[in-house]
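K.L.:
Here is what each chain is made of, one letter per residue.
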Amino acid sequence: KAGVTQTPRYLIKTRGQQVTLSCSPISGHRSVSWYQQTPGQGLQFLFEYFSETQRNKGNFPGRFSGRQFSNSRSEMNVSTLELGDSALYLCASSSRGTRETQYFGPGTRLLVL
Amino acid sequence: GENVEQHPSTLSVQEGDSAVIKCTYSDSASNYFPWYKQELGKRPQLIIDIRSNVGEKKDQRIAVTLNKTAKHFSLHITETQPEDSAVYFCAASIGVFAGGYNKLIFGAGTRLAVHP
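Residue numbers (the numbering used here), protein chains in the order written: chain D, 655 to 767; chain H, 43 to 158.
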């Protein structure tokens, strides 16, 4: 099976802009979780989607949002970008949720200038 | 609260030695504890996991132990090799519903360096 893919891999934006990141899970996986990874904060949970429904959300401001489509592909959006949003954004998929093995994508590295 | 503490933050060992990384979690409802290895510039990859109904699990040179009473779990790597050098993350899955409505809370990571 093909692994988890994320697009784009690299992105440079300026403060105030918005960005949309995409994640395609492993075929047959219905759960997609998003994480923000920074050197200072490690891996932080953003949200999890299952069958187009957000089931869990981390402690991030409302500028961070996401959605999942009927084919399980997921997008996350960050509006009004701030310098502190610079990070590696990872998505992970699993068959049923975060109690199962999570398979990570390669990540999207976002730089906000 | 939802918190996973991981120690040490850095660990340096000689090839062939053992390495131990410890994590504690705060939510007694946590029921799944995976460990991920992340090499430089690569994605995290699962190396071993343990569920709350098991006290220990081993896979070749890697083992994980869980103490539910004390709410801590540990990763043990024996006969370390230079290719074990990476950042290791522990995580705890907090269960809300039996149907799998969990979220993974990660520790801050341990940078392991294995010197030849």
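By construction, these hints were calculated from the structure, which means they are not laboratory data. The beta-carbon is built from N, C-alpha and C at its ideal position, and this holds for glycine as well. Treat the hints with caution; some may be incorrect.
Partial selection, computed: residues in chain D whose CB lies under 8 Å from chain H [stated by the list, open to error]: (1) Gly670; (2) Leu697; (3) Asn710; (4) Arg753; (5) Gln756; (6) Pro760.
K.L.:
Each hint needs a verdict: does it hold in this structure or not?
P.N.:
Status of the hints after comparison with the structure:
1. Gly670: Since the shortest Cβ distance to chain H is 29 Å, the answer is violated.
2. Leu697: holds (4 Å)
3. Asn710: holds (4 Å)
4. Arg753: holds (5 Å)
5. Gln756: Holds: closest Cβ of chain H sits about 7 Å from Gln756 of chain D, inside 8 Å.
6. Pro760: holds (5 Å)
Of the numbered hints listed earlier, the single one contradicted by the structure is hint 1.
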